[in-house]
Structure formats: C-alpha cells, structure tokens
Amino acid sequence: MTQLALVIDLNVCVGCHACVTSCKEWNTSGPAGAMSDDNPYDKDPTGTFFNRVQTYEIGTFPKTETLHFPKSCLHCEDAPCVPVCPTGASYKREEDGIVLVNYDKCIGCKYCSWACPYGAREFDEHQKVMKKCTLCVDRIYDESLPENERKPACVMSCPTSARLFGDVHDSESEVSIAIRENAGYQLMPEWGTNPSNHYLPRRKTKLHYHEDELQRADNPLNKEHSVDPVDAPTLDDSTSW
Amino acid sequence: MHPAFSVVFLTTLIGTGQGLFLALFSAQAYSELNLLPSMSDTSFFGMGSVLALVFLVTGLIASVFHLGHPERAWRAASQWRTSWLSREVIALPFMMLMIFIYGVMHLFGLDAVIYSDTSGNHFSYSLIVAGSLAMVAAFILFICTGMIYACIKFLQEWATPLTVINYALFGLASGFTCAAGFSSFYNAPELTKFFAIWAVVLTVVVLVTRLASLYRNSRIKHKSSMKTAIGVRHNQIQQKSMGMQGGSYNTREYFHGKTAAFIKSVKYIFLVLVFPLPVILLIAGLGTADTMLLVAAFVVQFIGLIFERWFFFAQANHPQNLYYQTV
Amino acid sequence: MNTTTANAADGRIEVKNTTCYMCACRCGIRVTLRDNEVRYIQGNPDHPLNKGVICAKGASGIMKQYSPARLTKPLMRKEGAERGAGDFEEISWDKAFEVMEERLRHLRGTDPKKFALFTGRDQMQALTGMFAKQYGTPNYAAHGGFCSVNMATGMIYTIGGSFWEFGGPDLERSRLFIMLGTAEDHHSNPMKIALSKFKRNGGRFISVNPVRTGYSAIADEWVPIKPGTDGALLLAITNELITQGLYDREFLIQYTNAAELVNQDESSDEFGMFVRNKDVEVGEKGCFDPENKLWWDRKLNKPIVTHTKGADPFLFGSYTLENGTVVKSSLQLLKERVEQYTPEWASSITGIPADTIKRLAHEMGIVARDEKIELPIAWTDVWGNDHDTVTGNPVSFHAMRGLAAHSNGFQTIRALSIVMTLLGTIDRPGGFRHKAPFPRPIPPCAKNPKSPEDVQPNTPLNGMPLGWPANPDDLFVDENANPVRIDKAFSWEFPLSAHGLMHNAITNAWRGDPYKIDTLMIFMANMAWNSSMNTSEVRKMLNDKDESGEFKIPFLIVADAFQSETVAFADLVLPDTTYLERHDVMSMLDRPISEFEGPVDSVRIPVVPPKGDCKPFQEVIIELGSRLGLPAFVNKDGSRKYRDYPDFIVNFETEPGSGIGFLSGWRGKGGEKFMKGEPNPNQWEMYEKNDCVYHHHLPKSYQYMRNWNKGYLTWAQDHRLTRFAEPINIHIYSEVLQGFRLAAEGKRAGKQPPEHLKARIKEHFDPLPFYSETLESQLTDKHKYPLNALTQRPMAMYHSWDSQNAWLRQIHSHNYMHIHPSTAQAQGIEDGGWMWAESMHGKVRCMARYSEAVEPGTIWTWNAVGKASGAWNLGKEANESNKGFLLNHLISEELPKNECGEHVSNSDPITGQAGWYDVRVRVYKAEDDEEKVTFPTFDAMPLLPGMEQRRSWLGYFAGKFTKKGAK
Ligand SMILES: Nc1nc2c(c(=O)[nH]1)N[C@H]1C(S)=C(S)[C@@H](COP(=O)(O)OP(=O)(O)OC[C@H]3O[C@@H](n4cnc5c(=O)[nH]c(N)nc54)[C@H](O)[C@@H]3O)O[C@H]1N2
Ligand SMILES: Nc1nc2c(c(=O)[nH]1)N[C@H]1C(S)=C(S)[C@@H](COP(=O)(O)OP(=O)(O)OC[C@H]3O[C@@H](n4cnc5c(=O)[nH]c(N)nc54)[C@H](O)[C@@H]3O)O[C@H]1N2
Ligand code: SF4
Ligand code: SF4
Ligand code: SF4
Ligand code: SF4
Ligand code: SF4
Ligand SMILES: [Mo]
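Chains as they are written, first to last, in the working numbering: chain A, 1 to 241; chain B, 1 to 327; chain C, 1 to 967.
Chain A on its own, in the form it takes in the complex:
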C-alpha cells in the first residue's frame, strides 16, 4: 500500500515561507480554490492557507537555537479527522493514503478540525467548507506536467529542498531513506495518529582539532628569519675566549 507524504528537513529549513505562498498560489486557482482572504487590505488580514511556517526559540542566550517549523496536514495513517466526519466528506484515499475533503459533501460543521491534534485544517470562511493540504493531488498525477514537476507546489518551490515528497511505505524511497538515516520523527506520537509526514531533526557539524595541529613543521613562519638585520649586535661583538 502506498502512503504518500512529505518529509521536512529542519536541518536546512531557513523559514523562508516559499512553501506557504507557493501552496496558496497553486491551490487558490485549483480545485480547492478560491482560497479566500478576509480584510486583505485592512486590519488583521487573514485567509485560508494549507501550510504555515512557524518559528520557535529553544534554550536561553547564548545557547539559543532558532527553529523554523513548516506544518501542513500530516496525512496521518490513522487520521482521527476522518472517522468523526458525519458526512463522509473527509476521507483517506485507499490508493495513496492522501487525506482529502470532498468540498461538495462538506457541511462545514468543523468537527473534523476539532479531531485534528495538529491544527492542520482550515475552514474557508467564504465557501464555508473545510479545507486542508491536498498533497497537491491535482499536480502529482497530472500527466500533462513533465515528470519532474509532478510534485507538490511547496516541494517544487522550496529553495533549500527541505521538503521531500514520496511514499513512506516504500522502504527504498528517498523519503524512507531520509527518515531512516536521519532519525526522522513524527509529531505528537502520543496520540497514535501515526502521521505520514515526518520531520528530520537538526544535525550539527563540529570540528575537532588537536593542539599539535598548530605546531606543525610546515608552519610557514619557519621560512621567516628574525626581523632583526644580520648586522645587529651578537655575542661575537662582546666576548673573546
């Protein structure tokens, strides 16, 4: 069984929000659109977005880490948002594990969003239906697109390629290897939702050097003589024996 998902590498995410707006621009003119915005030019502008990038600070000065943290629907394997939906508008696809909302069935009761511990669903205030990340189903299977562009918009845009896309059930896929080799983890494992999206943690490169490295024979200083000229006074000038 296929389970498509995103893997987000926090080690390289710089928090640029490219994935946020490219998701919006792709989806607003697609099946999920229009993704409405309220007060677009007034107080407290707010709108429907499927993906947000948040920033956290970890630790205290000077040992502070700043973490940029993108989050969209995690396409949980045991998605709690699906069974609670009274209409069947929320569903998880058998064939690829994508969790979707059928906008024509949704009654906008918002119950599914209560059942999502991750805050990943967004209610469209104008279409009055629940929306969420679609894993860009309308891109990834679109045969009119060149093969290497059959990827989610956010993945295509990400300048640091912090977003990987693939089948986490295929142990040889790029995403599975990334998870395996880089200690990929899931969010809030305590709820047994088994999110398909994984995160790769920060990894640090350190440099260790030994004192001896500073004392080597090839030190170029050895090629320089003392600054004093040769005719400066020496013992030769003041002793005789």
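Any given hint could turn out to be false.
Keeping only pairs whose Cα atoms sit at most 30 Å apart, straight-line, the calculated DSS-like set for lysine-lysine is [said to hold, decoys possible]:
#1 LYS110(A) x LYS264(B)
#2 LYS110(A) x LYS258(B)
#3 LYS302(C) x LYS223(A)
#4 LYS611(C) x LYS309(C)
#5 LYS932(C) x LYS264(B)
#6 LYS540(C) x LYS43(A)
#7 LYS223(A) x LYS932(C)
#8 LYS278(C) x LYS223(A)
#9 LYS447(C) x LYS751(C)
#10 LYS689(C) x LYS206(A)
#11 LYS227(B) x LYS258(B)
#12 LYS78(C) x LYS611(C)
#13 LYS258(B) x LYS43(A)
#14 LYS758(C) x LYS843(C)
#15 LYS204(A) x LYS372(C)
#16 LYS63(A) x LYS197(C)
#17 LYS227(B) x LYS92(A)
#18 LYS204(A) x LYS226(C)
#19 LYS876(C) x LYS258(B)
#20 LYS447(C) x LYS636(C)
#21 LYS784(C) x LYS63(A)
#22 LYS128(A) x LYS258(B)
#23 LYS197(C) x LYS204(A)
#24 LYS264(B) x LYS206(A)
#25 LYS226(C) x LYS206(A)
#26 LYS267(B) x LYS110(A)
#27 LYS925(C) x LYS63(A)
#28 LYS151(A) x LYS128(A)
#29 LYS43(A) x LYS925(C)
#30 LYS128(A) x LYS153(B)
#31 LYS758(C) x LYS516(C)
#32 LYS105(A) x LYS960(C)
#33 LYS223(A) x LYS784(C)
#34 LYS151(A) x LYS197(C)
#35 LYS223(B) x LYS264(B)
Computed beta-carbon distance windows for the label pairs [what the hints assert, rightly or not]:
#36 ILE303(B) x LYS128(A): 29 to 35 Å
#37 GLN236(B) x ARG200(C): 24 to 30 Å
#38 THR714(C) x GLN236(B): 56 to 62 Å
#39 PRO146(A) x PHE65(B): 43 to 49 Å
#40 PRO786(C) x LYS128(A): 50 to 56 Å
Honestly, the hints are just simulated from the structure, not real lab data. From a predicted model like this one, the values you see are computed outputs, not experimental measurements. By construction, the Cβ of each residue, glycine as well, lies at the ideal position given by its N, Cα and C atoms.
Place chains B and C with the ligands on chain A using the hints.
Only chains B and C with the ligands this time, still in chain A's reference frame:
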C-alpha cells in the same frame, strides 16, 4: 476552545428538551404505575411535549448557525458507523419525531390503553410505543452528544465518561426543573413535587459529577507539550511566530481570548447559577407553591447552564494550540 | 519557451518565461496564465540562478500584479495642494511629457546639476546612469550608498571583487563557511540552495550576528557579537592567524602585495607608499598596478623586483635599502598593526570569549591548510607560469550589511578581505569566487567627474556620474575643496563614495548645501519612508517652502508602480508597469546575474499587458531622451533614434560601432557572437527562446584565479570586459588609502583637503585596517543610550513594497521590537507590551517581543513593515500603520555637530555608506494609560485618482470564472 454560541445554545437547549421529555415520560410512567396520581388535565403531556419540542427545535435552529452548509445537513446521517456526530444527527430527529408523536397522541386524545392490570396499573400506547422509543432515543442522544466531545481523546478535558454523564445529568436536571415549573402552571402539586424533588436530586448528583470533572480537569497532565509538538527535547521552547499575524481559523476556533480571571468568574457564576440557586428556588417554590419561583429556578439554572457550557468549551485546551501561541 | 494550450475545462492556458522582480535577486520564472490571468508563477527549472525554486515573494507575484495599490494614471499635484496630502488630478502622458520636457530642457541649457535623478532598488542603473550622463548631470545615484557601498568598496579596493552580485562563497566545495552580518535573504534563492547543499555535504556553518534568525538559524554555531565590532573580531583573528602561522604563504607572496616593501621613512613624501624600481619598464599606464615594486629576497638577502622568476621573498621583515631608506613588507606592517588586537582585547569589545575567537581562527586556518582542494585543471598565470592544477583552501565567507551599514564598515570589510586573503581563498575552489564582469582592477577604471567644469550646459558628462577614485585628484570638488554633487559624494567628506549618498540628497537639496536644485526625479525609491533616515523630518523638508512660498525643492517627479508614501509628495507621478508587464534587461553594463562559471545576463519579457495607463519607466527615459535630443537617443539630424525600449536595447552601442550594448548574448547579425558584436535584430527572440537568460560558460581553466589568470584576463580583454589584461594583486596594504592620508598630511601635491577634514582623513584613510568605534557611538552618551538598535529584512517581504500584497502581509502585518527578556524586564517591559525606543534623534512607540536569540545589548525589528496610514491602499485601521513601526525615525541622516562641522552625514567617512546600524537607543515601558498605537503616526493618505477600491475580501481564482470577492 472558542465557545461558539450556536453550540452553547444547541447543546443546552437540546439537553433541556430531552430532560423535559424524560421528566414528562417518567411522570406518566409513574402515574401509570400508580406511583403518582394521574394527571387530570389531558393536555399536560401534550403541551409538555410541545414545550420540549420548542427547546429541541430552537436548539436545532441554533445548530444551523454552526454549519457552513445547513442545506447539506442531510448528508450528515451517512457516517453512523464511525461518527458520533452522525449518530447524533440520526438520534435527534428520531427522538423529536417520537416526542412529536407522543405529544400528538396526548393532545389529540389518540392515546389508548393497551394494558391494565388488577392493581390499576395501565400502560398506554403513548407510553409504550412513542414514549419508550423517545426515551431510548433521548438516552442514546445523550450518549451521542456527550461522546461527540468525549471521543476526542486529545481533548483531555473532555475525554472522560464524566463528559457523557454530565451532559445527561445536566439535561435531566434542567428538564426536571423545567417540568417542575411547567407542572406548577398546571396546578398539579403532586407532579410538581415529583419533578422538583427529582430536580433537586439530579442537580445535587450533577453537582457531584461536575465537581468531579472540575477536579479531574484541574489536575490534568496534558500529554502533549511543546516538546512533542515540534519533536525537540528541551525544557525551554518558546514560539516566536505562528506564521501569520492577523490570525487564522486556528486562532479563531480554538482560543477564547479571555483572561484567566474571566474564565474563573464564569466558573463561579455557573457554580452558583446551576446548583445552589435553583435548589433554593425549587425548595422555596415547593414550600410556597409559587409557580414563579419554580419558573425562576429553571430560568436561573438554564442561564447557569449557558455559562457552564461556555466554560466547558473554554476550559478545553486543544493540543493544536501549542502551535498557535505567539503572533 | 512559450506554450499555449486550450482546453475547454481548463480555460486557455499559456506558459511564458520571464525574470522575477519581487526582489533584486532576479530568478527565472515561468508564468502560467489561464484566460490571460496569472494562474501560477513557478521557478524556472532551467534557469541557472534559481534552478526551479522560488521564494515566498516570488510566489506571491499574483497579488502584486492585481494589487489595489497600483497606480494607473499619470497624476499632477493639484494647484495649491500641500505635498504629502496626496491631492492629485489625472493628466495625460502627453501633458506629463510636455511638463517634463520643458523643465528639463531649460535646466539642461542652464545648469544641468539642477536636475537630480535618484533611483532606489532598481536594476537598470545602466540605463538611468547613461541617461544622467547624457543629460549632463552628475547628480545621479542609486541605492548603493545607503545600501552596501562599504561592502562593494571595502572588497573591491582590496581584492577587486565583492560579495552580492559580484562574487560569493563557493559552497559546493567549501568545508567551513562563516557568515557575518547577513540576515535572511541576501542573494536569496541561490544562497539558500547553496547553504542546504553545503550543510548536507557535511560542511560546517558558523554565523556571526547579534541576532539568530533566518540563515543563522541553521548555523552549526552562532557567535553573537555586539554590533559594529566585527572589525575587532576580524583583526584579532588576523593576529591569531599570523602568530600561529596559519596563513597561505605562497598565495600571499604571489598574488598579493603582502611581501612588497613599503617606504617607512617618515620624513619622506613617499612615506607609506611602495618603493618602486624606477628602472623597470612599466609600459602603458592605466588603472592597474605596475609591476615595479620590490620584494626582499631570502636567498640574495636584498631587494628584488616582484615576481622575478626564481625569487623567494620574505613575507615579514624590516630592511634597509641601499639608499638608507628603511622599508617593511606589507605583512610586517600588518603584523605590527594587529599585535595590539589580541583575542582578549577583542573579547572585551565584541562580547565574544577570547577562546572562541582563537578557536575560530584555528578552525579557519586548519581547514584551509589541511583540507586543500586540488582540481586537475591546468592554467597559466599572468607571469607565464604554467600550473597543472587549480588548488583551493575550502574556507569561505559571506557578509553583508551587518558589516557594511556601520560607519566603520569600510575598514571592517577590508579586515575581512584580508582574513580571506591570508587564508588563501580568493577566486579559488571552496573559497570566494568572482562573477563576471569581476574581478576589476583595484580600483576599477571608471571615474566620476572631477571638477565643476566637467558639468556644462547641453553637454553630456565625459564619464559616468559615479566612479572609483584612485587618488585625491579623482575627487569631485571645486577649487575650494567643496563638493560639486548635491549629495557631496566624491568630496573630501566621503572620498570613495562610489555609489553616491542618496540618503543625504533631500536634506542637502532642502538646505541648499552645497546648492539648490530644481527638479528631483525619484524612480523606484521610497525616499519619504524606507530609504530616508530621519523620516519624519525628511517628509517635512519635502513639503517645506522658502519665504517666497516656493517649495525648497521646487519640482518632484516620482516614478512608481504603487501608491507609496513618497508618491504623496510628488508634483508629478509617473505610473510604472510591474515586472510582468515590461521589457527589462539585467545587463552586463550593470549588475548582471553572472555565475562563478561565467557571465550571465537576462531579460524580462512582458507576460501580461500594462494595467491602465501604466508605462514602463524605460520608455519614459527613451522618450525623454529623444525629446531632449540627448545624443545617445537621437540621430545626427536630431530625429528620434529608437522606436521604443526593446528597439533601443537591440540597437544601442556604447559607442558607434563598439559592438557593446546592454545585452551580451546573441550579438552579431545572426546571434553568433557574445559580448561584442553588431546588433542582432532577433536578439529578444533568442533570449525568449532560451528562458530569458544568456549563460556563457568559460572554459574550466578560466574559471579560477581570475585576478592572475592569463587565459581569463586575455579573454576578458578580447571580449571587452576589461581594458587591461594585467594582474590584479590583492591590496593587503592599500596605497590608495595612503595617498589620501598623505594629502591630509600635506605631503602630496594636487588636490588638498579642507582644514576641518584633515584629521578625519588622516585617521580613517589608514592603509591597514584598524578598529574604531562607529562615529555615532563615539558621539553618543552610552550610559544614556546603552543599546544598539538594528533592522533585519524578513524573507517574505521586500523593503517597503510588499504590504500591498494580500498574501505576504498576512505573514508580516506588523513588526515587534525584539528584545532580550533581561533587557526588557529591567525596564518593566512585558512580552507583547508597548514600549518606547529612543535615540538622540527621535523616538518610536512599538510593541516588544522577548527573544533569547538576540545579544542582550541589541534590540532589533523587521525593516519597513511599518507603514504610513493609508499608503499602499491599506485601510486606516491596518496593522502596518497602527502596530507596525519604522526604525528610521530613530536614525539620523546627519551626525550631531562635531569637529568636522555641522552637517556631516551619518556615514562612513571613507565611502559615504549610511550608518543605519550605528544608532544607539534606550528603551522604557509605555505607560498603561498611553494609547496602544505606534508613534509617530501620520495623516492618512487618500486613494489617488485611477486607483482601485480595495476589496473587503478576496477569493482569487485565475481566469475561467469571473472574479469572486466583493467590495
Ligand atoms: N526578503 C528580502 N530580501 C532582500 C531584501 C528585502 O528587503 N527583503 N533587500 C535586499 C537588499 S536591498 C539588501 S541590501 C540585502 C541586505 O541583506 P542583509 O545584509 O542580509 O540584510 P539586513 O537585513 O540588512 O541584515 C543585516 C544583518 O546584519 C546583522 N548585523 C547588524 N549589525 C551587525 C554587526 O555589527 N555585526 C554583525 N556581524 N552583524 C550585524 C543583523 O542582525 C542582520 O542579521 O537584502 C536583499 N534581499
Ligand atoms: N531602517 C532601515 N532602513 C533601510 C534599510 C535598513 O536596513 N534599515 N535598508 C536600506 C537599504 S539596503 C535599501 S536598498 C533601501 C531600499 O529602499 P528603497 O529603494 O526606497 O526601496 P523600497 O522601500 O522598496 O521602495 C521602492 C519603491 O519602488 C516601488 N516599486 C516597486 N516595484 C516597482 C516597479 O516595478 N517600478 C517602479 N517604478 N517602482 C516600483 C515601490 O512601490 C517603492 O515605492 O532601504 C534602506 N532603508
Ligand atoms: S520553503 Fe523550504 S526552507 Fe522555506 S520555509 Fe518552506 S520548508 Fe523551509
Ligand atoms: S494532520 Fe490532522 S487533518 Fe491531517 S490527517 Fe492528521 S488529523 Fe487529519
Ligand atoms: S467540516 Fe466538513 S469535512 Fe469536516 S467533519 Fe464537517 S462535514 Fe466533515
Ligand atoms: S502539498 Fe500542496 S497543498 Fe499540501 S502544503 Fe504542499 S503545496 Fe500545499
Ligand atoms: S528571490 Fe524570490 S523575489 Fe527575488 S527574484 Fe528570486 S523568486 Fe523573485
Ligand atoms: Mo539594499
């Protein structure tokens, strides 16, 4: 959570409607079992059902304000296998229909005795067929409504049997309180006493269960934390930006935006309005046979319940909030 | 390539390539249109710069295109209306041109200086600069002076190239990368692509910055530093590299002036200059270093002409020449200079522990030495030595305005360039690499005008308005040593101000110092807001009148695409197109988008028609040039030469028959030539077919060591990228600076500095980097104003111009002052609470945000998120103008009166770089009863004629259906 007024009204009104019906139904059953004198005014159960339906319909109307697409609401019945909401959506109209039939039988005298024994017990159609079906539906509905909230396991304040119990008991208590006032109108002191005493008992019981849930919730250790939310093991994690500054659905739906002091005062208000005040008014009303006091008991308790329900939502801390802490 | 498909279900789909301009990075984009509306903007996968990726801004281009803040009509300020009130009437383009033509013709015929043209964050300085030159006014500059001229000059005067568009770190092969003072988005997508690859390859990334956000967030180590003190850090690192012998000796000898001998005879007029062997033939003189200087040979123990075959000089030492002159090598002088700059000393200034400073130096030195790269690429140096391989030391750096935007920045950046050089990392794999047309000679050949006589009525300037002075005689001053430019660039106050000083233009013009001007034309700069220091006062100056009731700056033309704060002050507003609506070129004559591997230039080709009456500013320039009869724009008979801008781009040559034009690709009749070649009538089509970009790949052997690479330099000369194929040796010791110092000491013939500036020149024109506090710090009571205040650019906003963007403003609708909790709590300031920040010059009320990721002596905020009320077609209640604020109110364009005089710009005394990040502040809590609104605020700007009403909600859906969303 952000208490949506539609949901606050919906749940309290429907709960009261259910409770009122169950009060009427138990009174009828008692009287048919000769534990209560039978009601002379035949319109009592009929008008009582109408009143219950008024609550239920108003509740239903309130629910419409909560739905983005009420015109598609019929679709909501389809997922009864998995969704408590769907089950509620089935149970509620079924119950209303039964109450309606029950009321019609009483109002139009269509009721007929189908069984009577030597000791004078007699059971009518309304009791056996419409009434007991409605009763079962009402209990199922309590469970559905309660479970809608209790089944969300990470809403830890709600994920307890107490949620269902409280829903049921609050409905019953307010229903019986309402029935007390209602019966007092009909000048049925025995019935009034029956309702009022049960109302007091139920109110005291629900006080106990509600206090239990308050106590439980005050000691909840939330399983989710900043650490599990973002997967970083450190004790000092602070969100600096949630990625949007003008707010979003996630900030509107899950935050009440009120101060802790405000929440606390809501708690004290409901603790006073739902429990001691109605009890005092009920007892006083019983003692003085003053209908107005009994009605006041209900009005006070119902207003208290609105506060209670508001508090119930506001107190629930959704783990998604961990992701939406700082603008 | 453009493709069109029609599909009943999907509407009419078209895909067009062009170049992004949501920021100055200029990525290639692919725009999908549906029924002529923009459906999707994605990174062009075939583009060398961004390789398919896009950023938050780029992906929000749709909301810029359809923004209700767009101007659509030429506007004229209503008779009698105040400037700033935004009271305009619509006029026709004909009328606008008439007005401009009449005014500019008169000025050109009388005193062309009275017309000043300032352009902001634009990318067409090749055209606007050429226009100014043709017009004959020297009063022209773009954003560089307030942006990062220190970065440009500090490095170009040292290594012949610089960061940003001119060069960068080779992260593909680097092992250790140190980033200083760079925020979030400089060299936006390319830097992000490279950083992530670098990290994934196991490279080690260290960030030196008072703040940890953006790029620094993913650094392996964050080294918090006190603002303005990087010079101390870098000099201490220099000290440690030298005392530990962690420098690249061979590189220093061959490719820098490290071993060259400097005259130490204090009594001599040649003191501090290199001793030269007069017997050496130097041939043609030009803007290059003649090879007649001396080394001290180890074997012969006597001086020898540099680069003599077989010579092996000492790097250090003090020697006596035959004539008795004491000389020292440059590196000896550097060593003596940095002896005082110990890590312990630097620690007390920078706040970085001494051990950390030493470790940083050791890490750099050891990686550079032990992880050497050797590529099997044969090349030949300018001295004729053949090399079998290209070698490199994989330590790289990137720095930006954190170093540049301080008044001591030039010397700090010199120090950085020297650290990079000591490590042997210039134009080598894994280190710093140039991008064409760099490296340039030190200093580059282009020269600014030099005397008032260079400005004549009805006559083009004989050079470019901006240039690179090599010595005091290149200054642009009159016989009394006073400035000739309105911004005082190239004067004794700021001799090496290669990019001008836009930040002083308005103040100087208002004051009439050095003189009054008549017409100020502003293109793509928000000079009444983001690019002005002291914003509130500057806004008053723009509206100020003299006794006769005439505006002090009589006529103000603003060319903008949006209703910016500055537009409100204009007399004449010219509505520009957006980047999706016009032709544009990113020219080799300007700052192209070259890659390490070779020159790249690119173009924009319209994907949608202009909105309303918008006209590309390029067309305005061509039209004006033609009307005014500027020689470059007209035929011999005075008739118009170019139909329009695309025609101009194809057919213009720098000189008749030069074969050099704005675009370097597909030149020659059939497009077979590069860089030089006759005009090609099909040039645009060829660009269009090739993703709007021309990428010339140099042979591998020309890709490295370009300062000294014979093959490359000859190629560059052949292709007219440079005039001379001479080596560009690195100036560890700067004789150029010493020349100015000698003038200040009265030891130099030629132009003489005025008395009051002599001490300043003497102090700052030090041929070796030194550390001094920033000017503002020196003049501030640091007990009263204990903190530094900074801005950073957020990744999802470009300067002041993205608040009109409905998507981007949801990410940043207002800004906070980020402050360490200990600093805030000491003043009772709460997280999220209101506070004041106050400098010597002004104060702002704003909201605090606690942060552990800022050095406790520093507070910072996002730049230019705060807006003036009503501007950008935002509602009066908009967060930008109520909660958002502009730090510029705290920053002054002039220093408090000091010994140099009264009106000295708050800028680096060498380059005129604006000292944005020097400002010192104190903070305190806003009282509870104060208004919870930012301070200062301004009267709301009205909607201008021709602008759309803003909608109360939007549901953007491209084509296919009618637009949703109501008013
Ligand atoms: N998204 C986006 N990208 C942009 C722009 C934009 O507006 N938005 N603007 C473009 C332009 S015009 C420019 S000039 C570049 C500027 O690019 P940057 O120079 O990267 O931008 P700044 O935001 O000025 O960042 C200055 C950084 O230096 C740090 N800093 C300040 N003082 C010191 C100091 O004394 N020492 C050290 N080590 N660090 C210090 C600040 O904390 C900040 O991180 O960005 C370009 N890219
Ligand atoms: N406090 C503080 N202030 C700073 C800085 C800082 O770090 N701190 N940084 C400084 C730096 S480095 C820079 S470069 C400056 C930048 O300052 P400015 O050059 O003033 O840049 P913007 O604020 O973006 O203003 C550019 C103007 O161009 C307009 N515009 C956008 N697109 C187009 C177009 O296609 N055509 C035309 N004609 N106009 C267009 C916008 O509407 C806007 O009015 O800011 C400086 N100001
Ligand atoms: S686009 Fe990539 S780097 Fe940028 S915020 Fe999203 S995941 Fe992070
Ligand atoms: S993240 Fe939330 S919305 Fe997405 S599948 Fe999981 S529970 Fe459902
Ligand atoms: S809001 Fe829509 S998708 Fe969500 S539970 Fe209700 S009907 Fe289902
Ligand atoms: S996969 Fe598609 S829908 Fe989901 S966040 Fe990425 S761009 Fe948005
Ligand atoms: S970095 Fe972003 S805004 Fe700048 S040119 Fe590239 S895509 Fe456009
Ligand atoms: Mo800049």
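Each hint tested on the structure:
1. LYS110(A) x LYS264(B): holds, 27 Å
2. LYS110(A) x LYS258(B): Judged against 30 Å, a Cα distance of about 22 Å means the pair holds.
3. LYS302(C) x LYS223(A): Roughly 16 Å between the alpha carbons, so the hint for LYS302(C) and LYS223(A) holds.
4. LYS611(C) x LYS309(C): violated, 66 Å
5. LYS932(C) x LYS264(B): Holds, at roughly 27 Å.
6. LYS540(C) x LYS43(A): holds, 28 Å
7. LYS223(A) x LYS932(C): violated, 68 Å
8. LYS278(C) x LYS223(A): holds, 29 Å
9. LYS447(C) x LYS751(C): Holds. LYS447(C) to LYS751(C) sits at ~16 Å (cutoff 30 Å).
10. LYS689(C) x LYS206(A): violated, 46 Å
11. LYS227(B) x LYS258(B): holds, 26 Å
12. LYS78(C) x LYS611(C): holds, 24 Å
13. LYS258(B) x LYS43(A): holds, 20 Å
14. LYS758(C) x LYS843(C): violated, 34 Å
15. LYS204(A) x LYS372(C): holds, 22 Å
16. LYS63(A) x LYS197(C): holds, 25 Å
17. LYS227(B) x LYS92(A): Holds, at roughly 28 Å.
18. LYS204(A) x LYS226(C): Given that 30 Å is the threshold and the Cα spacing comes to 25 Å, the pair holds.
19. LYS876(C) x LYS258(B): With a Cα-Cα distance of about 26 Å, the restraint between LYS876(C) and LYS258(B) holds, given a limit of 30 Å.
20. LYS447(C) x LYS636(C): At roughly 27 Å apart (the allowed maximum being 30 Å), LYS636(C) and LYS447(C) satisfy the hint.
21. LYS784(C) x LYS63(A): holds, 29 Å
22. LYS128(A) x LYS258(B): holds, 26 Å
23. LYS197(C) x LYS204(A): With a Cα-Cα distance of about 14 Å, the restraint between LYS197(C) and LYS204(A) holds, given a limit of 30 Å.
24. LYS264(B) x LYS206(A): Cα-Cα ~51 Å, so violated.
25. LYS226(C) x LYS206(A): holds, 24 Å
26. LYS267(B) x LYS110(A): holds, 26 Å
27. LYS925(C) x LYS63(A): At roughly 27 Å apart (the allowed maximum being 30 Å), LYS63(A) and LYS925(C) satisfy the hint.
28. LYS151(A) x LYS128(A): holds, 28 Å
29. LYS43(A) x LYS925(C): holds, 25 Å
30. LYS128(A) x LYS153(B): holds, 26 Å
31. LYS758(C) x LYS516(C): Satisfied, since the Cα-Cα distance of roughly 27 Å is no more than 30 Å.
32. LYS105(A) x LYS960(C): holds, 23 Å
33. LYS223(A) x LYS784(C): Given that 30 Å is the threshold and the Cα spacing comes to 52 Å, the pair is violated.
34. LYS151(A) x LYS197(C): This hinted pair holds, its Cα atoms lying about 20 Å apart.
35. LYS223(B) x LYS264(B): Distance of about 23 Å is within 30 Å: holds.
36. ILE303(B) x LYS128(A): 29 to 35 Å: holds, 31 Å
37. GLN236(B) x ARG200(C): 24 to 30 Å: Distance hint for GLN236(B), ARG200(C) holds at roughly 28 Å.
38. THR714(C) x GLN236(B): 56 to 62 Å: Since THR714(C) and GLN236(B) have Cβ atoms about 60 Å apart, the given range 56 to 62 Å holds.
39. PRO146(A) x PHE65(B): 43 to 49 Å: holds, 48 Å
40. PRO786(C) x LYS128(A): 50 to 56 Å: holds, 54 Å
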